[in-house]
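Chains as they are written, first to last, in the UniProt record's numbering: chain E, 1 to 306; chain V, 1 to 306.
No lab work stands behind these hints: they were computed from the structure. One thing to keep in mind: the hints can contain errors.
Unchecked claim - Just some of the chain V residues that point at chain E, by a computed CB distance under 7 Å: (1) 192; (2) 218; (3) 227; (4) 231; (5) 234; (6) 236; (7) 246.
Said to hold, decoys possible - In silico lysine to any residue, SDA-like type, Cα no more than 25 Å apart, as pairs: (8) 226(V) / 163(E); (9) 258(E) / 122(V); (10) 258(E) / 258(V); (11) 258(V) / 200(E); (12) 122(V) / 236(V).
We treat Cβ as the ideally placed atom computed from N, Cα and C, and that holds for glycine.
There are 2 protein chains.
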Amino acid sequence: MSRPAGPLSAMSAGGGAGAGDGPRYPAIMRILVEEIGAGRYALGERLPTEHDLCQRFGASRHTVREALRHLKDMGLIARRQGSGSVIIAHYPEQRFVNSITSLDELVQYAETTWLDVLAVDKIVVDETLGTWLRATPGEPWLRLSALRRVAGVRDPFAYTEVFMPIAFEALVGEIGAEVSALYAMLERRFGVRVAKIHQSIEAVTADANVASRLDIVSGAPLLRIKRCYVAEDGTLIELAVNHHPADRFRYEMTLDRKPVGGALVNDIRDWPGPNEASATADRRGSPVHHATETNDDRDGHTPCAD
Amino acid sequence: MSRPAGPLSAMSAGGGAGAGDGPRYPAIMRILVEEIGAGRYALGERLPTEHDLCQRFGASRHTVREALRHLKDMGLIARRQGSGSVIIAHYPEQRFVNSITSLDELVQYAETTWLDVLAVDKIVVDETLGTWLRATPGEPWLRLSALRRVAGVRDPFAYTEVFMPIAFEALVGEIGAEVSALYAMLERRFGVRVAKIHQSIEAVTADANVASRLDIVSGAPLLRIKRCYVAEDGTLIELAVNHHPADRFRYEMTLDRKPVGGALVNDIRDWPGPNEASATADRRGSPVHHATETNDDRDGHTPCAD
DNA sequence: GAGTGGTCTAGACCACCTT
DNA sequence: AGGTGGTCTAGACCACTCC
């Protein structure tokens with residue numbers, strides 16, 4: 001059945017169906033994207049219905065839906081049964097994304113590192129800890145303390161304390177034997193699920209305890225990384241506090257700019273390619289310093305960022 | 001036309017078509033997901049063809065394709081014309097994603113902060129800087145130095161140096177008047193495009209220069225955040241080095257767990273909800289300390305992460 | 001050339017939202 | 001109740017891949 005020469009018959013694209021123009025939904029898609037980008041529809045306004053678009057483009061509903069699916073994937077419209085397609089953005093949103101597949105990528109410890117567990121004990125939450133854990137002072141919690149070492153280096157490069165609800169007491173014995181991440185073990189054994197990790201990075205100075213653990217002087221600069229593992233319901237599953245001597249660790253991350261949503265991501269699935277990973281490597285390289293100096297005296301102030 | 005009672009007729013799901021079972025593709029999808037998860041197909045192996053699946057499930061090709069589309073979105077299979085559907089993963093890949101829409105979210109400076117530009121001058125790259133910039137020592141670069149302040153606080157909370165290729169010299173005059181991010185200005189004015197931001201965070205001690213800028217003592221702990229803005233071709237567009245006194249700034253980020261690809265992302269598009277932002281707030285709260293102590297003496301070492 | 005997925009049409013019932 | 005998107009069927013041509 002030769003495709004009736006609709007309003008789009010002059011279009012062309014790739015492979016095709018009935019007659020000989022190539023796929024039509026990309027053309028429809030492009031037109032709609034352009035119209036949206038040109039501001040033809042206000043944010044919150046509704047796109048014409050599928051039916052209307054079918055008529056306008058002389059295409060079947062299925063074809064129009066394919067085009068609309070892409071608009072949705074690009075984040076331009078939201079669709080809902082009964083309500084139509086609403087404009088939610090004029091341009092495909094771009095984001096810088098730091099995407100992490102395994103916790104190891106977040107934690108950034110090479111596989112040549114390991115944890116020396118010093119102790120697992122029951123503690124009582126004090127006021128400070130209460131703030132961190134969103135727990136009531138006096139409440140009992142579990143604390144694991146450990147040193148993280150890397151092969152071939154005498155000194156540990158991190159002193160870590162992990163706090164867990166007392167409910168996890170049962171698995172204390174297993175921690176030493178655990179190969180995967182702690183949070184994964186908690187998920188597996190208790191059926192909880194980490195939905196979110198909140199990470200906080202700051203520079204602090206070593207107190208006496210941490211200093212002795214890491215064999216550095218008290219007051220030495222540390223990179224302290226706190227990680228809160230939060231369940232879907234907001235419960236804190238685990239709090240890990242890592243203390244890294246300044247010269248033994250550096251935190252790195254790479255943010256890739258990409259459109260949000262399925263558009264590009266799905267293209268990756270079109271056929272297997274190297275699955276781009278992101279977060280970067282590991283232990284600190286050699287420390288670097290650079291001299292800074294200023295001559296000029298221009299002055300101004302701007303709210304601008306980097 | 002009542003749907004012929006195929007092998008799936010006992011299934012049920014949601015809303016539906018011909019007869020009365022509800023949508024069928026979710027059921028088909030679930031079955032395939034389970035089979036893949038159970039290891040029925042090896043990685044790299046091919047899934048049965050659409051035709052075969054149609055027969056097996058007694059569904060139309062369109063319906064089977066809908067199911068397969070989701071498998072693809074979940075990252076379980078890759079499809080290609082002529083070659084079939086290949087298993088590329090046994091489980092839906094989960095990632096923790098830190099997604100940042102604007103640079104401000106990355107930089108984490110509230111809108112109540114601003115930059116006091118101290119100087120913009122031409123410098124000559126020394127050896128250390130050469131490493132950072134991937135430039136040859138001796139090469140001329142542009143350097144901007146500035147203090148970042150927040151309303152109501154006397155002391156700046158960051159001393160920043162930004163390095164740019166000498167080619168951007170023309171816009172030196174505009175920097176003071178710039179409201180948006182510097183990198184955005186470079187993009188706009190020079191037609192370059194930031195494709196990637198590499199960020200490195202470490203604890204360092206203040207050298208004399210930085211200390212005097214920030215009015216802190218030499219040797220005080222700093223959080224140093226370096227950001228490399230890299231173009232698609234790998235060119236370094238800008239390097240920003242931020243020095244934050246330890247007690248005046250903290251870097252925070254939230255990673256949300258989500259399946260990679262369209263699956264969940266698309267669900268967000270199903271209907272507008274609050275578009276979950278991620279990266280979190282700003283200036284440092286009150287400094288916190290906590291006592292650490294250990295009693296027990298269990299010992300073990302594991303490669304495991306938090 | 002046979003097989004596979006990509007795209008298309010035409011018509012249909014249904015669930016959901018708006019009116 | 002009418003409109004809208006969600007899902008389904010049945011049949012078709014095409015481009016691409018692999019043998």
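Tested hints:
1. 192: violated (12 Å)
2. 218: violated (13 Å)
3. 227: This hint holds: residue 227(V) lies near chain E, its Cβ roughly 6 Å from the closest one there, short of 7 Å.
4. 231: Hint on residue 231(V): violated, closest Cβ of chain E at ~11 Å, above 7 Å.
5. 234: Constraint on residue 234(V) not satisfied, violated at 13 Å.
6. 236: Status violated, d = 13 Å.
7. 246: holds (4 Å)
8. 226(V) / 163(E): Violated, because 30 Å separates the two Cα atoms, which is more than 25 Å.
9. 258(E) / 122(V): violated (33 Å)
10. 258(E) / 258(V): Since the Cα atoms of residue 258(E) and residue 258(V) sit roughly 16 Å apart, the hinted pair holds (cutoff 25 Å).
11. 258(V) / 200(E): The hint holds at about 20 Å.
12. 122(V) / 236(V): The given pair, whose Cα atoms are some 17 Å apart, holds under the 25 Å limit.
Hints 1, 2, 4, 5, 6, 8 and 9, counting from the list given before, are not met by this structure.
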